Amino acid sequence: MAGQCCSAEDQQAGSDATNINNIQAISNQLDTLYSLPSSANEQYFSVDKDVNNNYTPSAFNGGSQSNASGNVGPNLYTDFHNHPSGNPPSTQDIIRLGGVVGGLSPNQVASFTIAPDGTAYGLVVVDEAKLETFWNANNNAVDSNNGWNPNSNIGQEHSKVFNDFYDPPSVSYQEAYARATAFILKESGLILVKKDTNSTTFKKIGTNKETTGGTDTYKESDCN
Amino acid sequence: MKNYILIMGCLFITCCGMQNRGINLKYNTNMKEDGYQPLSDFKNDTISYIKDNFIKHKSNYIGKEIKNLLNDLELPIKIYYLGIDPNVEQYYYITFQFYNDSEVDDKVRNKVDPLILNIFLENPVKTTIPLSIYKKANKNWTKDASEFWETQKIKDIEMVNHKF
Chain A
1 MAGQCCSAED QQAGSDATNI NNIQAISNQL DTLYSLPSSA NEQYFSVDKD VNNNYTPSAF
61 NGGSQSNASG NVGPNLYTDF HNHPSGNPPS TQDIIRLGGV VGGLSPNQVA SFTIAPDGTA
121 YGLVVVDEAK LETFWNANNN AVDSNNGWNP NSNIGQEHSK VFNDFYDPPS VSYQEAYARA
181 TAFILKESGL ILVKKDTNST TFKKIGTNKE TTGGTDTYKE SDCN
Chain B
1 MKNYILIMGC LFITCCGMQN RGINLKYNTN MKEDGYQPLS DFKNDTISYI KDNFIKHKSN
61 YIGKEIKNLL NDLELPIKIY YLGIDPNVEQ YYYITFQFYN DSEVDDKVRN KVDPLILNIF
121 LENPVKTTIP LSIYKKANKN WTKDASEFWE TQKIKDIEMV NHKF
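The listed protein sequences correspond, in order, to chains A and B. Here my numbering is used: the first residue of the first sequence is 1, the next is one more, and so on. Here my numbering is used: the first residue of the second sequence is 1, the next is one more, and so on.
Treat each hint with caution, since some may be false.
With the C-beta cut set under 8 Å, the calculated list includes, among others, these residues of chain A facing chain B [claimed, not checked]:
id: 1; residue: ASN145
id: 2; residue: ASN146
id: 3; residue: LYS160
id: 4; residue: PRO168
Straight-line distance between alpha carbons at most 30 Å, and here's what the computed DSSO-like set of lysine-lysine pairs gives [said to hold, decoys possible]:
id: 5; chain 1: B; residue 1: LYS56; chain 2: A; residue 2: LYS209
id: 6; chain 1: B; residue 1: LYS153; chain 2: A; residue 2: LYS219
id: 7; chain 1: B; residue 1: LYS155; chain 2: B; residue 2: LYS136
id: 8; chain 1: B; residue 1: LYS136; chain 2: A; residue 2: LYS219
id: 9; chain 1: A; residue 1: LYS219; chain 2: B; residue 2: LYS78
id: 10; chain 1: A; residue 1: LYS130; chain 2: B; residue 2: LYS111
id: 11; chain 1: A; residue 1: LYS186; chain 2: B; residue 2: LYS135
id: 12; chain 1: B; residue 1: LYS111; chain 2: B; residue 2: LYS43
id: 13; chain 1: A; residue 1: LYS186; chain 2: B; residue 2: LYS163
id: 14; chain 1: A; residue 1: LYS130; chain 2: B; residue 2: LYS107
id: 15; chain 1: B; residue 1: LYS153; chain 2: B; residue 2: LYS78
id: 16; chain 1: B; residue 1: LYS163; chain 2: B; residue 2: LYS78
id: 17; chain 1: A; residue 1: LYS186; chain 2: B; residue 2: LYS153
id: 18; chain 1: B; residue 1: LYS51; chain 2: B; residue 2: LYS153
id: 19; chain 1: B; residue 1: LYS136; chain 2: A; residue 2: LYS186
If you are wondering where the hints come from, they were derived from the structure by calculation, not from laboratory data. Keep in mind that this is a model prediction, so the values were computed, not measured. Quick reminder that beta carbons are idealized off the backbone N, C-alpha and C, glycines included.
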C-alpha cells in the first residue's frame with residue numbers, strides 16, 4: 001500500500017530534506033560524512049543560516065562510535081552526523097532535536113543521519129507545537145542504552161512495530177527499526193524521511209496500523 | 001441409629017476442620033517461603049495479583065529460570081513480544097501481554113492498567129530461533145515459545161508504566 005498516506009505535508013517534508021542536502025555549502029561537507037566507513041567514530045556538523053540566507057557549516061565535531069553532538073543557537077538551521085552502525089535516527093537524536101527546537105534553536109528545521117552504505121535519514125520538523133507535546137510526553141523515556149525505555153508506552157509501541165517488520169534477511173534490523181520509529185513519530189510534529197543508497201531524493205517513510213481479530217499488524221505507507 | 005448419625009456427623013466436622021487447617025497451614029507456609037499469593041486471593045483483581053507477586057516480590061524470580069515464573073503465573077499469556085536491543089541485534093527482554101491488542105488499547109483509553117509485563121534477561125539472546133518461533137505462531141505464546149524461553153534466567157521484571 002505504498003503511497004496510500006502520502007499527504008502534501010509528507011511530500012513537502014521529502015522535498016525540503018532533498019533541497020537542504022543539495023545546498024552547495026552543505027553538500028561539499030556532506031561528501032566527507034558519506035565517505036566514512038563503519039569503523040569510524042561519529043562525526044557531527046551543524047549548519048547556521050543567517051538573515052541573508054547564507055548557510056555556514058560548522059567544523060566537524062568528533063564523537064564516539066555512537067555519539068556526537070555540537071553547539072546550538074538561534075541561527076542553527078540543520079545538522080548532520082554519521083551512524084557507523086547504519087542505524088536510523090536514535091531515540092537520543094529525536095529527543096535532542098525536540099529539545100533544541102523547543103529551546104535554544106527554534107529555527108532548526110531538520111536533522112540528518114548518514115549510514116556508511118550511503119543511506120541517509122532525516123527528521124523534518126513540520127509542527128513545533130506537536131513536537132513540544134511529544135517531547136514533554138516522552139523526553140524521560142530514553143533508556144540508558146539510547147533506545148526507548150521498554151517500560152514506557154512509546155517503548156512498547158516501538159518494540160511491537162519492530163517485531164512485526166523484522167524478518168532478516170528480507171527486512172533488515174535497520175529497516176524494521178526505521179519503520180518502528182516512523183510509527184511512533186506519528187503526531188510528533190516530525191516526519192521521518194529516507195534517501196536510499198544510490199538516490200539523491202528523500203521520501204517519507206510511513207507505517208500504518210491495522211487491527212484484525214484484536215491483533216495489531218503494521219504496514220508500509222511510504223511516499224513513492 | 002441416632003448415635004451412628006451423631007458419630008458420623010462429628011467425624012465429618014472434625015475431618016473438614018483438619019482439612020481446612022491443613023490447607024491454611026500449607027498456604028501460610030508458602031507465603032512465608034516466597035510470598036506468592038494465588039489469583040483467587042485477589043478476587044479477580046489481576047492488577048494487584050501481578051503487582052504483588054511479580055513486581056513487589058520479583059526477587060523470588062530474579063536470577064532464576066523463567067520457568068519458575070511461568071509455573072506460578074495463573075494468567076494466560078495472550079500475546080508476547082521480543083525486546084530488541086537498539087544497538088545490537090540481540091533480544092534482551094520479552095514482553096507478556098495478558099490481553100489482546102484491542103483490549104489493551106481500550107484499557108489505555110479508559111486509563112486502566114493493561115498489565116504488560118517485561119521480563120529482562122540475564123543473558124541477551126543472539127540467535128534467530130526466537131524470531132522464527134514468534135513469527136510462526138503470530139505472537140501467540142505457544143509450547144515452542146515456552147520451551148525456548150523457560151531456561152533463560154531473569155535479570156529483572158518490570159510493568160509498563162502508562163503514567164495514568
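Against the structure, the hints come out as follows:
Satisfaction of the interface hint for A/ASN145 is found here, the shortest Cβ-Cβ separation to chain B being roughly 6 Å, below the 8 Å cut-off. For A/ASN146, the interface hint holds, the least distance from its beta-carbon to any beta-carbon of chain B being 6 Å, beneath 8 Å. The restraint placing A/LYS160 at the interface with chain B holds, with a minimum CB-CB distance near 6 Å, inside the 8 Å limit. Because the closest C-beta pair between A/PRO168 and chain B is about 7 Å apart, less than 8 Å, the hint holds.
This hinted pair does not check out: B/LYS56 and A/LYS209 have alpha carbons roughly 34 Å apart, beyond 30 Å. Taking the CA atoms of B/LYS153 and A/LYS219, the gap is about 34 Å. The hint is violated against a cut of 30 Å. Taken as a hint, the B/LYS155 and B/LYS136 pair is honoured in the structure, with Cα atoms around 27 Å apart against an allowance of 30 Å. Note on B/LYS136 and A/LYS219: the hinted pairing holds, with a Cα-Cα distance of about 18 Å set against a maximum of 30 Å.
Distance check on the hinted pair: A/LYS219 and B/LYS78 sit about 22 Å apart at the alpha-carbon level, within 30 Å; holds. This hinted pair checks out: A/LYS130 and B/LYS111 have alpha carbons roughly 22 Å apart, not beyond 30 Å. In summary, the hint linking A/LYS186 to B/LYS135 is supported, as the alpha carbons are separated by about 26 Å, within the 30 Å threshold. Between B/LYS111 and B/LYS43 the alpha-carbon distance is near 21 Å, which keeps this suggested pair within the 30 Å criterion.
Under the criterion of a C-alpha separation no larger than 30 Å, the hint pairing A/LYS186 with B/LYS163 is consistent with the structure, at around 20 Å. Proximity of A/LYS130 to B/LYS107 is assessed by CA-CA distance (about 24 Å); at most 30 Å being required, the pair is judged to hold. Taking the CA atoms of B/LYS153 and B/LYS78, the gap is about 22 Å. The hint holds against a cut of 30 Å. Pair hint B/LYS163 plus B/LYS78 holds up; C-alpha atoms about 23 Å apart against a cutoff of 30 Å.
As the CA atoms of A/LYS186 and B/LYS153 are separated by approximately 36 Å, the hinted pair breaks the 30 Å bound. Proximity of B/LYS51 to B/LYS153 is assessed by CA-CA distance (about 20 Å); at most 30 Å being required, the pair is judged to hold. Our distance criterion of 30 Å between C-alpha atoms is met by B/LYS136 and A/LYS186, whose separation comes to about 29 Å.
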